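Following the hints, put chain B in place on chain A, whose structure we already have.
Order-wise, the sequence lines are chains A and B. Read in the numbering used here, the first sequence has 5 at position 5, and its numbers run on one by one without any break. Read in the numbering used here, the second sequence has 435 at position 435, and its numbers run on one by one without any break.
Worth flagging that the hints you see were computed from the coordinates, not collected in a lab. Only a predicted model underlies this, so the values are computations on that prediction, with no experimental measurement involved. Every residue gets a Cβ at the ideal spot worked out from N, C-alpha and C, and that includes glycine. Keep in mind that the hints are not guaranteed to be accurate.
Said to hold, decoys possible - No more than 30 Å apart at the CA atoms, straight line, and that leaves these computed lysine-lysine pairs for DSBU-like:
#, chain 1, residue 1, chain 2, residue 2
1, B, Lys-327, A, Lys-55
2, B, Lys-327, A, Lys-136
3, B, Lys-118, A, Lys-55
4, A, Lys-136, B, Lys-359
To be verified - Every beta carbon over 12 Å from chain A, so not counted as near; a handful from chain B, in silico:
#, residue
5, Arg-98
6, Asp-114
7, Asp-160
8, Asp-163
9, Glu-209
10, Arg-224
11, Ala-236
12, Lys-335
13, Ser-338
14, Asp-471
15, Gly-476
What the hints assert, rightly or not - One side of the interface only, derived from the structure: several residues of chain B facing chain A at Cβ under 10 Å:
#, residue
16, Ser-117
17, Ser-397
18, Lys-400
19, Asp-401
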Amino acid sequence: MMNIHQRASARRNALLMTAATVLLLIWVFPLLWATVVSLKSESEVLAYPPNLIFKPVFQNYQDAIFGDFSILDSLLTSVIVATTTTLLTIVLAVPAAYAFARLKLPARRTLGFYTLATQMVPPVGLVIPYFLILNKLQWLDTYQGMIVVYLTFSLPFAIWLLVSYMEDIPFEMEEAALLDKASRLQTMWYVIIPQVRGGIAVTVIFVFLNAWNEFLFAVQLGGNTVRPVTVAMYNFVSVEQTLWAKLAAAALVAMLPVVIIGIAAQKQIVKGLTVGAVKGGGRR
Amino acid sequence: MPKNSNDRTLFDKFNVSRRTAVKTALAGAATLAAPGLMIGRAHAAGQYMDLGSFQGAGIDWRMAEGEEITIAVIPAGYFKNLEEVMPDFRTLTGINARLEMIPPGQIRQKAVLDLSSKTGTYASHAADPMYYQLYVANGWIDPLDDYLNNDKLTDNAWFDYEDIQPGHRGATSVDGVPYGIPFDGEATIQIYRKDVYDAAGIGPADTLEQYASNAAKVHDPDNRLWGCALRGFRGAGQNMYIYPSIFKAYGGEWFDGDRVTVDTPEALGALEYYVSLLNKYAPAGVENWNWPDIADAFGQGTVASYIDAHGSAAVVANPEKSKVVGKIGFARWPKGPSGKRVTSIWNWSFPINGALSEKQKHATWLFNQWAGSREVQVATTYAFPGAYKRTGANRASLWKDPKFLELMSQFGDNYVEATTESFANDTDPDWRPRLPQWPAVGDTMATAIQAALVGQATPAAALKEAQEKIDKILKG
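Same shape as in the complex, but just chain A:
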């Protein structure tokens, strides 16, 4: 027999599960709908009442990938831009975050504030300055131009995220290494980085996601050479008509790399997300 406590907790669990399921359904519905739409013909997409039983067609995927408005080369562009941005961000942000977390830099707080302050400007306010700067450098519609612009967002964000992870590592661990005559760099490499692996994984995901999903700068600063998939997808929303099924197919294809990376890093993310919560905010 269950006692009162068990019964109460069972009831609470049931309630929590229901709430979680409802929230999950709300979140998943658009995705499910997009999947269904991507498998229908254009005339079925708009049918009312919607047919839930239909013969799935894969033509939309073929059109999205190989058709008149193929997203194939744009996918490759997105991979190049997002991967390079992520790699450079991590390579630069890890030492920077370490410095902010550990070194007694002059004006550390001020520098930290300015790093964060760059995140306070609404991105749309930066479109024109960036356009003019890149134009002067002849970097409009180039990979280096797009990546440098993305770095200006991802670096401050990554540094601040990583600082909080690094501050959580007990100083004693590092002290032991330093006493054994390890250099700062060695300490960082052998002691700190293994400890913040989870944090780095989280940062990678967020930076990659942001670069992958970015649209505003991609459309204004890119062009024929650098046209990420977010921009290319718009080709299905033409002036004449919206090709819903092909748009849905393209969107799902474009989602795939992110989903794969997400699943691969899920373990690290969950770990990374809970670190701060369990240990508290460090000593900022």
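Same frame as chain A, but now just chain B:
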């Protein structure tokens, strides 16, 4: 339109054709190549036109050989067709011209950014006719009469600028001076369900009043058939695309001297008509409907009539998407109380960016002239080898060409007549208020129209507020 197999060829745009197969193979190969090489999509080398007919023009097509120019366009079937035949331009002129596709929502900002910062990124772009006043006021683009009247640059006996639809020429000129060469344009026409109208014993409306009574007669929302729909979505190119025609048909005038007037009795009559018509007979949510939504609903058979661009026939008569193929009739805009019918004069045209070098300008002019020429118009409409054929041919002579008309008449009853008569009789260059502040004015009007439609304000109050805002915009 009979559903026989011949008709399919017009529309099976997405079936895998030989061209697509070649492209697929090339796209695959391109993916393996370095990203830098992936500019533009690969084309099978081929001649789409007889280059000899261009040589007939008494100009030196190779005067800007070796130049590189980029032209911004939007992803639309008509520009896709143009891109397809562009290798011929490169062969003819030795100019490396390429099109860049920019989403329609962004092309205006991107063009303004480029023009205002004088970067010369886009030698030309598919321009919104309503933006010419802004461009010209700032001196961002070149007047084209210098090019048209220079016999080294233009052989008008061959190019025949005057053959381009007068409404479209008017829309791309400022104070009588041409600034853009129209490439693809439209007229707005009445599109209705012939079967539904026949069953109700009515024909297409001749007057706006009759348009409303027609809607009332067939309106049957219980059986999912609504009387009519017009663009309700807020935007300078959405509800402020359809309202101006009604405004003009009610006898409205945008200008009183230098002042823009939007709260006259005629303006109020037009807005009251629009609001009452849509509230009574349009599906719920029409305030969020743009042209694709309307065409989709009509194609699904839930809307009995709408008034929009003649090009939307290609969507509602496409058997892949539409359930009402063969049941569609067309007519001109209904007359308003002033006796006028006023169509849209919307078109995409090519200006010349003033920030270019002399030689680049010549290269751009050659491109504009080439794209607007009869030869290229033919090559991208009925003579186009692909399945999609353009409907927005820019030339009056093409709208008399039996081959073009044969293709157009497949859309349904009275299509060619309604469209050509609209082009000939129903255009008005001042269909919308043309002034440099158009983006802000258009947006203000769009907000007012929608506010009245959803009942946030009475039509009179909405127009009064719009008038005050516009007065401020024009003063500042």
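- Task: Could you work out which earlier hints the structure fails to respect and list their numbers in ascending sequence?
- Result: Result: hints 2, 3, 5, 6, 10, 17, 18, 19 break, sorted rising.
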